[in-house]
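Chains R and X are the protein sequences, given in the same order.
Following our numbering, the numbering of the first sequence begins with 1 at its first residue and continues without gaps.
Following our numbering, the numbering of the second sequence begins with 1 at its first residue and continues without gaps.
It cannot be assumed that every hint is accurate.
To be verified - Once the Cα atoms are required to be at most 30 Å apart in a straight line, the calculated BS3-like pairs of lysine-lysine come out as:
| # | chain 1 | residue 1 | chain 2 | residue 2 |
| --- | --- | --- | --- | --- |
| 1 | R | K272 | R | K287 |
| 2 | X | K279 | R | K63 |
| 3 | R | K287 | R | K63 |
| 4 | R | K6 | R | K63 |
| 5 | X | K279 | R | K287 |
| 6 | X | K178 | X | K168 |
| 7 | R | K41 | X | K35 |
| 8 | R | K85 | R | K272 |
| 9 | R | K6 | R | K201 |
Hints in this document: simulated from the structure, not taken from any laboratory.
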Amino acid sequence: MSESRKQYDVLVAGGGNAALCAAISARRAGASVLVLEAAPKFFRGGNSRHTRNMRLAHDSATKTLTGPYTEEEFWDDLLRVTGGKTDEDLARFMIRESKEMLNWIAEQGVRFQPSLGGTLSLGRTNSFFLGGGRAMLNTLYRTAESLGVEVHYEAEIVALKIEDGHFHAATFTEGGRTHSVHAAAFVAAAGGFEANIPWLKEYWGDAAENFLIRGSPYNRGTILKLLLANGVQEVGDPTQCHAVAIDARAPRFDGGIITRLDCVVFGIVVNKEGKRFYDEGEDVWPKRYAIWGRLVAGQPDQIAYIIFDASSLTLFMPSLFPPIAAPTIRALAGELSLDPDVLEETIAGFNAAVRPGFFNPTELDDCRTEGLVPPKSHWARRIGTAPFYAYPVRPGITFTYLGTRVNRDARMVMRSGATASNMFAAGEIMAGNVLGRGYAAGVGMTIGSVFGRIAGREAARNARN
Amino acid sequence: MHGTNALAEADRMMTVCNSCRYCEGLCAVFPAMEKRRIFADGDLDYLANLCHGCGACYYDCQFSPPHEFNVDVPRTFARVRAESYARYAWPGALSSLFARNGRAVSIAAAVSMILFLAGFALFDGRSFLSSHEGAGAFYVLMPHVAMAWLFGAAFVGALAALWVGLAKFWRYTDERSKMPVTAGLLLQAARDAARLRYLDGGGSGCMNEGERPDDRRVLFHHFTFYGFLLCFAATCVATLYHYGLGREAPYAWDSLPVLLGSVGGVGLVFGAGGLLVAKLRRTPELQEQETRSMDLVFVAMLMLTGGSGLTLLVFRATPAMGPLLAIHLGAVLALFVTMPYGKFVHGLFRFAALVRYAGEAATPGEAGSS
């Protein structure tokens, strides 16, 4: 092992939004900063690469935001999506701090744009990055490097030397060699463990083999595991992850946004036995998409099929793979290797239960089924116009909830209840503090930037003292 | 399905991009793409010509190489663009000039200059290498009427070929939308083209040598384009002088044609030179190797035209005037003759694409959905 000659004030583990905000704020506070990113340069930034906006409170409209989004409204939204599984004090603090982020992040060079096509519902609340998450990351990296932050890629931390909540050194591999680095303060911003299939299998069993990981293959939770093993208090349900239904033909990792499917509400969803299993029209899609990953995960072989007909084809955003098409339901069943008799029966039963109504694709309409189990509460229209289409779907894992407990300074809290002397956390690795379950668009980036900035500042302060 | 591999690849790419849309704010291409779900060859030719090759989307894209989705819009569209110039070229038989365009244009320029040199020498060998002064000095070497006819014919021929090519391009990309061209659309497109509105990465700058927004092609293109226009204006004014006022070239240093021509010539040399350097330094990731010679020879021709004109201006009172005039006229003639069969076409097709974009922007919903 080679001993790094340099001693840094602040060592940042990870390379996403939270890590870069921490690195920049620590550097701006005068600290020397080393960033160790496990991914190669192209894949730097973990899941921040796949993001596109940040939810920040603001009191008035801006050039890119259509109206005010008050702290209270943000809090109400967070309370609703988490079902109360949040640390109110920390969450309210984060929301208050988020107001300043709009300026701070722009000062780091990041540019915003009005909300993207198809996301009008977020135009008031969420600030969209011009060019998306990777553009934002590139800007943060440029800013960090111009300030003198040192960044290493393909540098994976494999061990941490921690004594009684005090960080001493980290061991990392780079270029086939093992190095050790000392730092006065440590910031963990290395994401969750959603790309670590063996770890997921601890909670999900073999079903996890059929999960697709929507983001970075480098979020293996190494740092999280090391921290928990060194007495840091855990937060969030370890068995839970944010899962949506994505195209089953997507690659195992890093398929990103383009494999999502927004058409569940316009069709029916059957499992491999050709049977429906949940109300596809329960609520508007933005409020329901996040339950479908779990629903599909609960089906045999973790696979399901969204079935719809020609009348729905252009009602939703296009996605990467074209739907599987066939002139008849029987033929479609053949394409999908489903039992044709069962699928025909399912469709016939559904069609017979559809009540007449006025179809409105953008609002909760009165098109519903009657006497069907499970029902379809809205947008229920007969599936009868050829050609017929199907998308195969599997659970797509976005992120995990397990993390390290932190206080307002982003300082880690030990299992004993004491605060760590020089260890901080930001981003997905501590998201579970404010986001115990559920999700609201752009909240992950709020957590990353707000706590990243604080963690960097506090780590620099810590290093100086 | 698609006419060429490049079109098939562009279709694949637009399908990826249309499912993502993160680049919507960068330029006109992505909003135009969002108006479509199906990308026919005409749509792709339109989108490719709308693309200014700023490179921002390549570095902003989470799916660009080495990601397995392999999204490289600037390079793919550069290929589609080059193919579209050839596809709509008129007469069609000459579209083969687009393949190995660098060689074709260089040969045309060399032949043209040699013919002028030889023609001048044969026409009047003694005058060719002696100095001439006063009005009509150039026409000792080549009668004005011959010059006017030759360049007039070349210019009209080039305009006709360009016009027919442009009309074919418009018709083909118009198959589904049948858009009427109005003065308003032309004005909007002219504004967008004059400012190079979409060569700025949506405000964050363009990429040329790597992931940093280091691109200064907007500046160089402005020098080139406006330099070209000034040179053209100089020629028009000189023609008016000749036929309207009976004043013969060469004109004095402070005359309008010379002022316009020299400012334009400097702009042309500086701008095209800047573009040439930018092209040579451009990262291979953003560059389509197959079309590189076409791009390079075009800026080289503009530099040669501007540079030979300026040199002629400086040495027109010396015995070098004859050879310099031959070289300048040879360059200008070659530029005219090859215009419809080289990079010059990009200006017209992009303008047409900007007109279409302006028209589509004014109509909500999906374009040409049938």
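Here's how the hints hold up against the structure:
| no. | hint | verdict |
| --- | --- | --- |
| 1 | K272/R - K287/R | 25 Å, holds |
| 2 | K279/X - K63/R | 36 Å, violated |
| 3 | K287/R - K63/R | 27 Å, holds |
| 4 | K6/R - K63/R | 44 Å, violated |
| 5 | K279/X - K287/R | 49 Å, violated |
| 6 | K178/X - K168/X | 13 Å, holds |
| 7 | K41/R - K35/X | 34 Å, violated |
| 8 | K85/R - K272/R | 34 Å, violated |
| 9 | K6/R - K201/R | 39 Å, violated |
In terms of the numbered hints stated before, the structure departs from hints 2, 4, 5, 7, 8 and 9, listed from lowest to highest.
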